[in-house]
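Chemist: In case you want the letters, here they are:
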Amino acid sequence: MGSTTMKLSAKGTFARGVHPHDEKSLAADVAIEVVPTPAKVSVPLLQHLGAQCEPLVKARQQVVLGEKIGESEAFISAPVHATITGTVAMSSVATLPNGRHVKTVPIKADEQQLSGDALFEDILGGDWPKTGLDRYGPDAIVTAVREAGIVGQGGAAFPTYVKLKLNDAKPVDTLLLNGCECEPYLTADYRLMLEAPDAIVCGALLAARACGAKRIIVAIEDNKPSAIETMLKAAEGTDMIVRSLKTKYPMGGEKQTVLAAIGREVPTGGLPLDVGAVVCNVGTSAAIARAVVRDKALTHRVLTVSGRGIRNPKNLLVPIGISYGELIDYCGGLTEDAARVIAGGPMMGFTLGELDTPVTKGTSGLTVLTRDDVRKADETACVHCGKCVDVCPLKLVAAKMALASKHGDWELARRYHITACMECGCCAYVCPASIPLVQLIRLGKAQMPKKITPRRTELRCGA
Amino acid sequence: MTQETVNNDATETEAPVTHVAPGPHLGGGCLTARWMMLDVLIGLLPVLLVSLWVFGWYAARVLAICVGSCVVAEGIFTAMRRRQCRLGDFSAVVTGVILAFSLPGTAPWYVAVIGSFAAIGIGKLAFGGLGQNIFNPAMVGRAFVMIAFTSAMAAGGYVASEKAGVPDALTQATPMTALQQEGKVASLGDLFWGDTNGSLGETSAFACLLGGLYLLIRRTAAWQIPLGVLLAVGIIAGGQNLMDLQAKWTVGHHLMGGALLFGALFIATDPVTSPLTGRGRWIFGLGIGAIVMLLRSLSAYPEGVMFAVLLMNAVVPLINRWTVPRPVGGPVPSKA
Ligand code: SF4
Ligand code: SF4
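These protein sequence lines are chains X and P, in that order.
Here the first sequence is numbered in this note's numbering, starting from 1 and rising by one per residue.
Here the second sequence is numbered in this note's numbering, starting from 1001 and rising by one per residue.
Certain hints may be false.
[Stated by the list, open to error] With a Cα cut of at most 20 Å, we get these calculated SDA-like pairs of lysine to any residue:
1) X/Lys165 <-> X/Arg135
2) X/Lys445 <-> P/Pro1331
3) X/Lys395 <-> P/Leu1213
4) X/Lys246 <-> X/Gly12
5) X/Lys406 <-> P/Arg1321
6) X/Lys395 <-> P/Trp1053
7) X/Lys103 <-> X/Glu54
8) X/Lys406 <-> P/Gly1131
9) X/Lys165 <-> X/Arg215
[To be verified] Derived DEER-like restraints, expressed as beta-carbon distance ranges:
10) P/Gly1068 <-> X/Glu379: 26 to 34 Å
11) P/Ala1314 <-> X/Glu379: 44 to 52 Å
12) P/Phe1127 <-> X/Ser92: 30 to 38 Å
13) X/Ala15 <-> P/Gly1068: 53 to 61 Å
14) X/Gln447 <-> P/Leu1188: 57 to 65 Å
15) X/Leu166 <-> P/Ala1314: 56 to 64 Å
16) P/Gln1132 <-> X/Glu411: 35 to 43 Å
17) X/Ala31 <-> P/Leu1231: 30 to 38 Å
18) P/Phe1127 <-> X/Gly12: 22 to 30 Å
19) P/Pro1333 <-> X/Glu121: 46 to 54 Å
20) P/Leu1209 <-> X/Glu236: 22 to 30 Å
Don't read these hints as lab results, they were simulated from the structure.
Because the structure is a prediction, the values reported are computed rather than measured.
Each residue gets a CB set at the ideal place from its N, CA and C atoms; glycine is no exception.
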């Protein structure tokens, strides 16, 4: 579809949605810290949407930081790399927070490691060019991004190179840099914008070159004025536009960002690409810069450990494959009234059963809620109040989809467009009867016979 | 997809105990169902005060009987069905109050009791309890006694038989009857403040608007429904006024008289028996308004609102079907 014909006025917001307390002040002013190298990491071979990687290394083999340890031939996939220097141990299996069982490559750390400030300098510090980027050709950028194993860092972890690859059938005119970070508690993207704006800008310029976008828009929610200011300053001399969007959940959802920032409606079951846009999380952008300019793989990421259930909320630069438990220990441990440990933010995150689960490329944070924070009311009967309908950003009728899923009525589920649901959780958040709507819908989507499920859509928070 | 749910207060152990539960993990996004019912009661307060002022202890009596009977009925019926009693959600109280407000102050005690049992038994629990019922329970009870005790509920039943010691209001005919039978037109001021005869809750437009506004602001009631009702009535009555400039009842009379505001704000907005989507609520509201006007013009029943609500209740499942919203981004493409 031609993108110019799809132009509507962009209002800086989308209809419906909810306004949870953002609770960002817990960690917003804590500068990014580098976590000391752990004794061991377990790097999952599947950290993205797509095909699982095959391990390239054997037990007892020596690897160095950034060395490729897993690769796949599939188109939609991304290689994985050693995130510390050390010795490979026997491969094992881990259960990721979303319930998936994946093979991992454990690495035992050597004594010699790049760590502390030197590591921060290497990953985010130093100078990032904003001019003269034409020496990197689009194909070279795409290849570098693929080789570096970069996937969307906002949550869904879609391989980034697939989005950047020039597609003649679907020309791209806009690159949207997603700095919304709409999940409560999380502040990692915010800190990154404050502390490494140049890397983000450099990555955005490169990404725009690769996908052929003519304009770059940085989308930031208006509850982060200092991030807006910093990005404006960093963007000076380039023709990047910084656009402040209304603070609202789920503004960081890809489709909501596109709608709010450039006024285009991404078709159901489609991608922003279908309306001429590529959306890229700010963290992903910094990773692109590093991959292209410094030829370094994605081995570390910034994430937030926050919530009232953790003693010292922090923003951390961590090696991928470190366990959640180690992050909790580093942040002072759990408080006595901690009630729920969540991988990601409290709206879309999954509770962690075991704390030795490894962090992946898509992990945006770790939220620990207290007993007072979590929802407690018992489930009662649906009172048909329609509040779930009033808040759904996609205009779906959650009450009916949940009902259909409960009764296995797939015809009803289809009539109410169950597969369009992105599981953002707004509906369950407001439901006065405390019905676990998202869980029911998710169950319905999984159990619905494939014949009537055309395509599964998920919310990519910033991807 | 972990299914284990939380919520045992028995976790008084020393170490923090964490649970696995489905997201979203934050609460407090909205009122609970119980709070919504409490809200309705709060919204009904102004109506209650006015009806006590106008009808004195006649109002108190009917109210007490209805609320008491509804609560008892809920208790008995749920016990009979071996269900856990859900009195805690206040819905029986709400039903009782709304039923009482739609009865005349002179209603005999057995009418109030039977109406209440019909409301809870037939109107709600026969359908499977709160959330499953198709018809507004209070209106089912009202319709039941209307048919069973025609004389007590007919126009004459609103006027107290003895003359001494009854509130003024009870000695007059209701404004609608007065119009139909004697051609007398109530003053708009009386309709607004509530100094007329009528069902206990319907007389004062002012009280209904005040309480209704509270519900709308709290978003306990969906705004599209009352607006739809008022719009339909306003347009149709306005049209009638224009065609017949001598009409005795003006738009103002139609909007403020005959339980219209009470029905639009408190009865039609019952979430359980109204549509889910915004568009559906518009259709629902407009439909009620149109039926009310139809009944007022063509039938001798002053209870147009009750029938209109019940009729539109019946088509709610259909309305829901017709108004499945188009998802943002269009319907899911089918890969045929
Ligand atoms: S918000 Fe909850 S109670 Fe209200 S209609 Fe939706 S599912 Fe039913
Ligand atoms: S989870 Fe699905 S149904 Fe619920 S608000 Fe989000 S998109 Fe709508």
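Chemist: Decide, hint by hint, whether the structure agrees.
Modeler: Now for the hints, and whether the structure bears them out:
Straight-line distance between C-alpha atoms of lysine 165 of chain X and arginine 135 of chain X comes to about 18 Å, which keeps the hinted pair within the 20 Å bound. Between lysine 445 of chain X and proline 1331 of chain P the alpha-carbon distance is near 16 Å, which keeps this suggested pair within the 20 Å criterion. At most 20 Å may separate the alpha-carbon atoms for a hinted pair to count; lysine 395 of chain X and leucine 1213 of chain P exceed this at roughly 26 Å. Proximity of lysine 246 of chain X to glycine 12 of chain X is assessed by CA-CA distance (about 6 Å); at most 20 Å being required, the pair is judged to hold.
At roughly 18 Å between alpha-carbon atoms, lysine 406 of chain X and arginine 1321 of chain P fall within 20 Å of each other, so this suggested pair holds. Taken as a hint, the lysine 395 of chain X and tryptophan 1053 of chain P pair is broken in the structure, with Cα atoms around 46 Å apart against an allowance of 20 Å. The suggested pairing of lysine 103 of chain X with glutamate 54 of chain X holds, with an alpha-carbon distance near 9 Å, which does not exceed 20 Å. The straight-line distance between the Cα atoms of lysine 406 of chain X and glycine 1131 of chain P is roughly 16 Å, inside the 20 Å bound, and the hint therefore holds.
Note on lysine 165 of chain X and arginine 215 of chain X: the hinted pairing holds, with a Cα-Cα distance of about 17 Å set against a maximum of 20 Å. Checked against the given bound of 26 to 34 Å, the beta carbons of glycine 1068 of chain P and glutamate 379 of chain X, roughly 30 Å apart, stay inside it. Checked against the hint of 44 to 52 Å, the pair alanine 1314 of chain P and glutamate 379 of chain X fails, with Cβ atoms roughly 28 Å apart. Roughly 54 Å separates the CB atoms of phenylalanine 1127 of chain P and serine 92 of chain X, a value that falls outside the hinted 30 to 38 Å.
Separated by about 45 Å at the C-beta atoms, alanine 15 of chain X and glycine 1068 of chain P break the suggested range of 53 to 61 Å. Range check, glutamine 447 of chain X to leucine 1188 of chain P: about 59 Å between beta-carbon atoms, so the 57 to 65 Å window is met. For leucine 166 of chain X and alanine 1314 of chain P, the Cβ-Cβ distance of about 58 Å falls inside the hinted range of 56 to 64 Å, so the restraint holds. Restraint check, glutamine 1132 of chain P to glutamate 411 of chain X: a C-beta distance of roughly 21 Å breaks the suggested window 35 to 43 Å.
The hinted window of 30 to 38 Å between alanine 31 of chain X and leucine 1231 of chain P is violated, with their beta carbons roughly 57 Å apart. Between phenylalanine 1127 of chain P and glycine 12 of chain X the beta carbon distance is about 45 Å. The supplied range of 22 to 30 Å is therefore violated. At roughly 48 Å, the beta-carbon separation of proline 1333 of chain P and glutamate 121 of chain X lies within the given 46 to 54 Å, and the hint holds. The hinted window of 22 to 30 Å between leucine 1209 of chain P and glutamate 236 of chain X is violated, with their beta carbons roughly 56 Å apart.
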